[in-house]
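Chains U and X, in that order, are what the protein sequence lines are. The UniProt record's numbering puts the first residue of the first sequence at 1, with every later residue one more than the last. The UniProt record's numbering puts the first residue of the second sequence at 1, with every later residue one more than the last.
Please keep in mind that the hints were generated in silico from the structure rather than gathered at the bench. By construction, the Cβ of each residue, glycine as well, lies at the ideal position given by its N, Cα and C atoms. The reader is advised that the hints may include incorrect statements.
[Stated by the list, open to error] Residues on chain U that point at chain X, a partial pick, calculated with CB under 7 Å:
| no. | residue |
| --- | --- |
| 1 | Ala39 |
| 2 | Gly82 |
| 3 | Leu84 |
| 4 | Glu92 |
| 5 | Pro124 |
| 6 | Val137 |
| 7 | Val143 |
| 8 | Asp146 |
| 9 | Ala164 |
| 10 | Met173 |
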Amino acid sequence: MTDHHHDHPHDHSELSETDLRVRALESILTEKGYIDPAALDVLIETYESKVGPRNGARVVARAWTDPAFRSRLLSDATPAIGELGYAGRQGEHIVAVENTPELHNMVVCTLCSCYPWPVLGLPPVWYKSAPYRAKAVKDPRGVLKDFGFELAPTTKIRVWDSTAEIRYFVVPMRPEGTDGWSEDQLAELVTRDSMIGTGLAKQPEKVTG
Amino acid sequence: MDGAHDMGGAAGFGPVHPEPNEPVFHAAWERRAFAMTLAMAMPGGWNIDMSRFARENRPGADYLGMSYYQIWLAGIERLMQERHLVEADELAAGKVMHPAKPVAKILTADGVAAMLHRGGPTERPVTAPALFAVGDRVRAKDMHPPTHTRLPRYVRGHVGRIDAIRGVHVFPDSNAHGGGEAPQWLYTVSFNGAELWADAPDPLLEVTVDAFEPYLERA
Chain U
1 MTDHHHDHPH
11 DHSELSETDL
21 RVRALESILT
31 EKGYIDPAAL
41 DVLIETYESK
51 VGPRNGARVV
61 ARAWTDPAFR
71 SRLLSDATPA
81 IGELGYAGRQ
91 GEHIVAVENT
101 PELHNMVVCT
111 LCSCYPWPVL
121 GLPPVWYKSA
131 PYRAKAVKDP
141 RGVLKDFGFE
151 LAPTTKIRVW
161 DSTAEIRYFV
171 VPMRPEGTDG
181 WSEDQLAELV
191 TRDSMIGTGL
201 AKQPEKVTG
Chain X
1 MDGAHDMGGA
11 AGFGPVHPEP
21 NEPVFHAAWE
31 RRAFAMTLAM
41 AMPGGWNIDM
51 SRFARENRPG
61 ADYLGMSYYQ
71 IWLAGIERLM
81 QERHLVEADE
91 LAAGKVMHPA
101 KPVAKILTAD
111 GVAAMLHRGG
121 PTERPVTAPA
131 LFAVGDRVRA
141 KDMHPPTHTR
151 LPRYVRGHVG
161 RIDAIRGVHV
171 FPDSNAHGGG
181 EAPQWLYTVS
191 FNGAELWADA
201 PDPLLEVTVD
211 AFEPYLERA
């Protein structure tokens with residue numbers, strides 16, 4: 001690995017080199033009968049268009065509107081999330097943690113990229129990046145500033161490092177001014193980052209305006 | 001293993017760069033590398049802990065110089081070569097040069113949904129009482145195994161508190177190296193920020209890790 005590559009891991013020559021290598025590998029594995037390229041297409045389609053943070057947003061909106069569901073979610077999240085049809089790989093053991101005015105939760109995997117796929121989809125690049133993995137457990141308030149907001153200095157912050165197979169998922173606070181909103185409307189306020197704890201739910205004027 | 005992958009608290013990486021409206025994949029090859037990694041586990045027969053070790057166990061400059069899915073790609077190449085499913089000369093030439101090894105099963109398109117839904121639950125039946133109870137003070141062992149572990153360096157030697165007992169789970173330190181699942185009690189252990197980071201104390205910071213019983217001793 002040259003210094004040039006180290007400084008520019010996404011430059012075009014590197015990508016095309018890797019692209020060729022991946023194409024060659026797929027053809028070798030196909031010819032040897034180890035993979036079915038059609039199965040790869042289904043896997044990609046699943047995570048590009050079916051499994052993503054809209055699933056988690058539905059879970060949060062349900063928790064905001066249905067106290068019995070919220071209680072089930074916070075006491076044993078995996079079956080509660082399963083009620084909405086979300087389950088499986090990288091979501092076998094989910095724990096939901098709730099933000100309050102006194103406590104803000106943030107999720108990281110300092111060892112790589114552990115993330116609750118069934119509710120959030122595949123993790124974004126920044127979640128997997130060295131800066132986030134390094135900084136989240138030592139300076140989470142600094143991370144929040146990188147994301148453009150500051151937490152009240154009196155709010156306690158708890159960082160959940162996903163070092164085993166438990167996958168954490170943050171239930172953000174329901175924004176003020178949303179009384180009477182439907183579950184669908186509320187789901188529009190729930191961002192991916194708010195369910196990782198690097199953001200907050202959107203304010204209602206952001207979606208009604 | 002004390003590798004470059006274990007990044008908690010490391011200095012010098014700079015700020016986090018969020019990317020608005022980030023796509024799921026940034027290049028076509030990332031899609032295929034991701035999907036091949038999931039699909040190859042079936043004929044390859046390795047487990048997730050073996051996959052993680054295959055990605056992590058490489059020189060630091062190599063790990064830090066590669067993008068995320070390049071590391072995944074290097075991981076499956078290593079696992080396939082170890083099992084002689086694909087040989088180094090084939091990877092270099094980009095073509096088949098040796099006969100295929102017989103494999104038990106491959107992932108088909110109509111098997112994907114069931115495979116994803118099934119996932120890989122790691123919880124196992126309880127066979128012995130848990131050593132620790134919620135509220136107990138524990139110290140993360142100052143251990144540095146050359147093999148796979150999921151105890152991050154930044155908590156080693158520090159005292160925390162058992163916050164939750166998560167049941168008995170497959171033990172990655174054993175499972176990554178073919179030693180079997182050797183299930184162990186898993187705990188969520190919380191650490192005060194000032195205990196972990198004497199140089200940057202945030203009195204209101206708390207960090208939790210999920211630690212297997214062999215990682216902990218009574219404090």
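Hints, one by one, checked against the model:
1. Ala39: For Ala39 of chain U, the interface hint holds, since the closest Cβ of chain X sits about 5 Å away, which is under 7 Å.
2. Gly82: Gly82 of chain U check fails; min Cβ-Cβ to chain X is 10 Å, beyond 7 Å.
3. Leu84: 14 Å, violated
4. Glu92: This hint holds: Glu92 of chain U lies near chain X, its Cβ roughly 4 Å from the closest one there, short of 7 Å.
5. Pro124: 5 Å, holds
6. Val137: With Cβ-Cβ at 5 Å, under 7 Å, it holds.
7. Val143: 6 Å, holds
8. Asp146: 4 Å, holds
9. Ala164: Holds, because the Cβ-Cβ distance from Ala164 of chain U to chain X comes to roughly 4 Å (cut-off 7 Å).
10. Met173: 17 Å, violated
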